[in-house]
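Novice: Chains as they are written, first to last, in our numbering: chain R, 1 to 222; chain A, 1001 to 1254.
Source of the hints: derived by calculation from the structure; they are not laboratory data. Quick reminder that beta carbons are idealized off the backbone N, C-alpha and C, glycines included. Possibly wrong hints are sitting among the right ones.
What the hints assert, rightly or not - Per label pair, the in silico range of CB-to-CB distance:
| no. | chain 1 | residue 1 | chain 2 | residue 2 | range |
| --- | --- | --- | --- | --- | --- |
| 1 | R | S88 | A | R1159 | 24 to 30 Å |
| 2 | R | V207 | A | V1049 | 49 to 55 Å |
| 3 | A | D1156 | R | A193 | 20 to 26 Å |
| 4 | A | V1174 | R | N74 | 37 to 43 Å |
| 5 | R | A77 | A | A1036 | 42 to 48 Å |
Unchecked claim - These stretches of chain A come out as covered by chain R in the derived footprint (C-beta under 8 Å, 3 or more residues):
| no. | region |
| --- | --- |
| 6 | 1106-1117 |
| 7 | 1144-1158 |
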Amino acid sequence: MLRVLLQVIRRDLLLAVRQKADVLNTLFFFVVVVTMVPLGIGPEPNLLRAIAPGVVWVAALLAAILSLARLFANDYADGTLEQMLLSSEPLTLIVLGKAAAHWLVTGLPLTVMSIVFGVVFDLGLQETGVLVVSLLLGTPVLSLIGAVGAALTLGLRGGGVLTSLLVLPLYIPVLIFGSGAVGAAASGVAYAAYLLLLGAFLLFASVLTPWAVALALRISVE
Amino acid sequence: MNTAASPRIGLFWFASPQTFFPLAGKMVPLFSLLAAGLLLVGLYIAFLVAPTDATQGESYRIIFIHVPAAWMSMFLYLVMAFWAAVGLVFNTRLSSMMATAIAPTGALMTFLALWTGAFWGRPTWGAYWVWDARLTSELILLFLYLGFIALQAAIDDPRRADKAGAVLALVGVVNVPIIYFSVQWWNTLHQGASVSITRAPSMATTMLWGMLVMALAFWMYSIAVVLHRLRSIILERERRTEWVRELLREGRIK
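Just chain R, with the same shape it has in the complex (with noise of 0.2 Å):
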């Protein structure tokens, strides 16, 4: 089982490092939305430290959303995916084994890239740390309920404003959560419960959301 998993992931990574562009461009993204927020609302340094996790955390989401295209796409169209569905191995597995591969190669350079942004945004050393906790617990939510997503509008036309509009109310509560620990640390006041229902959102999602993409798998590709 363990196998499973992770050769899946080692075959994504591959895939991945086979062509950069798209996993580069998903951070570019990422980088250029936060930048263009100051430049949008001036350079007062207070504001934009009020504003810098709620910034970092949209633009997380739509670098998040954006790269979902690629998740199933690709091995849809070369007959991968059918393979996959064939499998004697559990399909809920190597979705689970995709989403793992999808967050390694964005959430977790988004990560590490905020460290970054809260220079820039001149966070505290300690808001800083809560804002790349949150997005570790957090963005692998993304992937797995974003993965829901792409695998129900998985070959149709027009899929991937259609994605954005199927995931992005879902993804609410992370963000929620996920920027308001920073906020909670930048006031002063305890932030443990946030990132402990983050915590909680990424278990409840890694149970769930496996079946969900499986079944939206199965009936797009049927």
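Once you have looked at the hints, place chain A on chain R.
Specialist: Same frame as chain R, but now just chain A:
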């Protein structure tokens, strides 16, 4: 052809579009009449019987539309998800068609609740919109309805649309409580609105009655409209079957 000759009406007798179609045809006028009657009574109570509110004056009367619409918007989502799940589990086409038929009415009710809420908020809070937890959740509910409709509209194969919609509706139903509570927490954290709609003054009984009658009227309206839409969906999907062609030949549907 002669399925009607075996009148063993069990639980699943009306699960087939062919048998449900005429039944729905009989139910639509019945529920439309009930809706119209209850609406008249409800509006009579709302405008002529219910007293003017001590603090809000006449503007509170929008409650008679607003609250029933909000109730229906939330309830219809559950009903929609229920039928979608039944369609997914038992592979019954009619259940999935029911879910598809409910979605636009649910979205309409959500929109109505938001719209009337804005008009009510203006005179009482001085703003059309505040980022209150309830308002925000209702807005997100509208997004969920629109996502469901958009997904089904994007898929050409009706069976795939049914099943994909069902998965989405079920994921949505699991998420709705989480979204609701997180939005509530978010609101208390940000402390945006200084006014709260939760501390409503205790209501006069005539107001409550008016609201209940209006809620019933909205129920009847929703049933009538959903069944009517369901009939159209059945006709569209089954247009190549013999029984629909027969109905058309006999001129029983225009």
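Novice: Now tell me if each hint is right for this structure.
Specialist: Results of checking the hints against the structure:
The given range of 24 to 30 Å is respected by S88 (chain R) and R1159 (chain A), whose C-beta atoms sit roughly 26 Å from each other. About 53 Å separates the C-beta atoms of V207 (chain R) and V1049 (chain A), a value consistent with the hinted range of 49 to 55 Å. As the Cβ distance of D1156 (chain A) to A193 (chain R) is approximately 46 Å, the hint placing it in 20 to 26 Å is violated. Distance hint check: the CB atoms of V1174 (chain A) and N74 (chain R) are about 29 Å apart, inconsistent with the given range 37 to 43 Å.
At about 54 Å, the beta-carbon gap between A77 (chain R) and A1036 (chain A) misses the expected band of 42 to 48 Å. Remark: the region 1106-1117 of chain A is not confirmed as covered by chain R, as 0 of its residues place a Cβ nearer than 8 Å to a Cβ of that chain, below the required three. Interface restraint, the region 1144-1158 of chain A with chain R: holds (7 residues with C-beta to C-beta distance below 8 Å; minimum three).
The structure fails to meet hints 3, 4, 5, 6 from the earlier list, while all remaining hints are met.
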